[in-house]
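Engineer: Listed below are the residues making up each chain.
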Amino acid sequence: MNIRITLAILLSIFGMMLLIIIWYQSSATYRHYQLSTEQIIIDQARNDLLSAIIGLQNDQAQIALIVSSAGSGPVSDDFLYQSADAMRRTSEALSDVGNAKLQELGAAIGRDVAPLSLYADELTTVIASGNTDAILAQSSTALDRIDLAKQRLLKIRQAILLEVGITDRTIGGVHMIRSYIVTVNDALQLDRLLTSRELEGGTFLQPQTIQQIEDRSRALQVSDRVYMDLVTLFDERIVFKLSGLSSFLQNTYLPAKAELLRALAGGRGVGAAKLVWIAAGDEAVGLINGIQTSVFDRSQAYLAQQQASAVLALKSLIGLSVGVLLIFALSLYIIEKHIVSPLEQMRLIMMDLVNGKLEPRGREKFWLQDIRTIFDALRVFRVTAGRRERLTREQLLLHAQIAEAHRRLQSDMNAAAKVQLAQMPPPGDVDQIRFSTFFAPANVLAGDTFDYFALSEGRVGLLQVDVAGHGAAAGLVSVAAHLGSRRALRSLKAEGRLADAIKKLNAYWNPEMTYFTLVAVQFDTNDGCGRMVQAGHPHPVLMRRDGSITRLGNGGLPIGVMPDAEFEEIDFPFEVGDKLFVFSDGIYENSNENREIYTEERFIQFLAENVACSTEELLHKVRGTLDAWSGVANLSDDVSLVVAERF
Amino acid sequence: MKFSQERRGTVLLLEIGEARLEAINAPELRELLIGRIENGDHQIVLDLKLVNFMDSSALGALIGAIKKMGPLGTLALAGATGPVLQLLKLTRMDKVFPLYASAAAALTKLEE
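Protein chains in written order, with our numbering: chain A, 1 to 647; chain B, 1 to 112.
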């Protein structure tokens, strides 16, 4: 799971929700638009249905009039056809509507169209024939059929109302006015029908008096008032027309009918009164048609306005949705381009840093301040890491160089140490003297060295040198001191003084070089004696065959301190079984862990205690003693011991 | 290396505060003495009464200093005992340095 996937999931969910909300809103708005469009069609259908009903009512009266005044009255040849036409239009309009119930009602209306047309054909044919009896018979049947058809249409009208309902106040007003028209027209046409029949028969089936007509007129007036108040809420102009109709019925139609009744009662002027009455009835029909047209115009205009506002709402919603989706897409783009993508880059740079890839990257421009800051910090990290890496590399290189130099030095030192060691003879016999040695340098190169060699005429030379300090410089001086001392001893004639040879060595020793201490011994195996010069070196110890121990010499200046120094020559006996111990100060100047010196006294004491030991055993003990005191491995100075034993 | 110094007229008294003079502090001793000599001190008393061990490296530093001093100056050693005195005797340093039992004795002698 990474940031990109998480954001993708979250934003996808968000986007989906957004789309769902937009879809719901759009479909609701679209449904509203569809409904408003349907409302227009339904309103047309209702208007057509109203026309059909009113037409049928009118046709009934018309047929009655034709029959009553056969041939004398105005004959309309398209009655019933208009109603059938209106019903067909209603049926077609309803079949286009999405509502199944309305479609069914439309189909029911449609089924009545063909029979009605058929009656119309039959009636027209009969009326055209002029046969009064046939007309009478046919009209009676037609009136009944029309009545049935009318009743069915009224029921369907009721069913449509139940199905569609009153969507708002205006539509309610429209419905009420249409109901009013149907009722008024029904009353009017029924009145005309009945009156026609009465005229036809010459007798009044319903005796009507002027008084009755006036009562009816008043009743109409009262019921009108109730309607008017309601309709005022809807449209004042239509109210004006409705009250026009109402007053026409009260002031013109009913008085005309009263006049006709009076004429009939008086038996005079019936024809003229009848014409006035028919004309008044026709005018009332015209007024009713006018009201119907006005209401239809009004409702169509209103529904068109509703539809227009639904279209506007739909357009606004589409515009808004497109805007929201665009902003959402822009947000996605910004998040991807300016946040997620830089984060991914950051991750890669960090991984590179972790993996030690420190090559510089191109400088990129970032839009967001925070991202810029982080990238700057990363750049600083990279530069710092690069610098650190370079330093480490240089250090490693330097270290390798140092190691190499050290290795070379070490190898040089080892080579030099080999040379130095080669100078020192192995233990062994020279003439009748056995030499045993113990040598432990503190470093690779030692400041200590020793040598023994045969001289002429039974003489044997021994020298031991200790150059102050140790390491390379002391080692080199030691080699020089060794060579110088060896030459001095070798050049010494049998009758020559050893002290003079050493004095000469001292005099010629380069004052720039470190001083050194020296013990030079010359054994004379023929005479059983020895002589020695001590130049700042520890006192040699003579161990006689009888076990007595003597510390030889009185000290002396080291070589290289004073060019004109004099040296003392010490003679000593050296017979079979005698041993001479020559050693450097390292053997007794070692410190133990309490920084306590071993001391010369202790060493001589040690020798005295081990007089009975063989030389080999003694050397072994020396090592043990050194180890016990400070550890041979921890020597701070070179240790050398040469034991010369006369045999 | 610990030490203290005191001037008595033309004499510089240096008292070594170390128990051991050896390879590890011999270069410091050499620098101290050579430095004073180069500064123009030609009469120096080195009090060794606190020193109980001296090796050949330290002795080398003393010899280096006396060589630097030349024949006209004096580098006197005072208060040497035990192994230090032993070393000085072994190497006959009495021929190179004036040796005194104490700093006071050395000062008295030098101030004469």
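Treat the hints with caution; some may be incorrect.
Stated by the list, open to error - To be clear about the criterion: a stretch of chain A counts as covered by chain B if any three or more of its residues have a C-beta under 8 Å from a C-beta of chain B, and this derived list gives those stretches:
| id | segment |
| --- | --- |
| 1 | 449 to 462 |
| 2 | 509 to 517 |
| 3 | 544 to 557 |
| 4 | 561 to 568 |
What the hints assert, rightly or not - Computed spacing ranges between beta-carbons, pair by pair:
| id | chain 1 | residue 1 | chain 2 | residue 2 | range |
| --- | --- | --- | --- | --- | --- |
| 5 | B | SER4 | A | VAL354 | 57 to 63 Å |
| 6 | B | ASP94 | A | CYS613 | 43 to 49 Å |
| 7 | A | LEU483 | B | PHE3 | 37 to 43 Å |
| 8 | A | LEU409 | B | PHE3 | 30 to 36 Å |
| 9 | B | PRO98 | A | ALA400 | 34 to 40 Å |
| 10 | A | GLU601 | B | PRO98 | 23 to 29 Å |
| 11 | B | ASP94 | A | GLN401 | 48 to 54 Å |
| 12 | B | ASP94 | A | ALA400 | 51 to 57 Å |
FYI, nobody ran anything at the bench for these hints, they're computed from the structure. Think of the CB as a built atom: it goes at the ideal place given N, C-alpha and C, for glycine as much as any other residue.
Engineer: All the hints need checking, so say for each whether the structure fits it.
Structural biologist: Consistency of the hints with the structure:
Under the rule that three or more residues need a Cβ within less than 8 Å of chain B, the assignment of the segment 449 to 462 of chain A is violated, with 0 such residues. With a cut-off of 8 Å between beta carbons, the segment 509 to 517 of chain A has 4 residues touching chain B; three or more are needed, and the interface restraint holds. Counting residues of the segment 544 to 557 of chain A whose CB falls under 8 Å from any CB of chain B gives 3; the rule of at least 3 is met. Residues of the segment 561 to 568 of chain A lying with their CB closer than 8 Å to a CB of chain B number 3, which satisfies the three-residue condition for coverage.
Checked against the hint of 57 to 63 Å, the C-beta distance between SER4 (chain B) and VAL354 (chain A) comes to roughly 59 Å, which is consistent with it. In this structure the hint that ASP94 (chain B) and CYS613 (chain A) lie 43 to 49 Å apart at CB is violated, the actual value being about 37 Å. For LEU483 (chain A) and PHE3 (chain B), the Cβ-Cβ distance of about 39 Å falls inside the hinted range of 37 to 43 Å, so the restraint holds. Between LEU409 (chain A) and PHE3 (chain B) the C-beta distance comes to about 34 Å, which sits within the given range of 30 to 36 Å.
For PRO98 (chain B) paired with ALA400 (chain A), a C-beta distance near 54 Å fails the hint of 34 to 40 Å. Judged by the Cβ atoms, the range 23 to 29 Å given for GLU601 (chain A) and PRO98 (chain B) holds: they are separated by roughly 27 Å. Separated by about 50 Å at the C-beta atoms, ASP94 (chain B) and GLN401 (chain A) satisfy the suggested range of 48 to 54 Å. Our hint of 51 to 57 Å for ASP94 (chain B) and ALA400 (chain A) holds, since their Cβ atoms are close to 54 Å apart.
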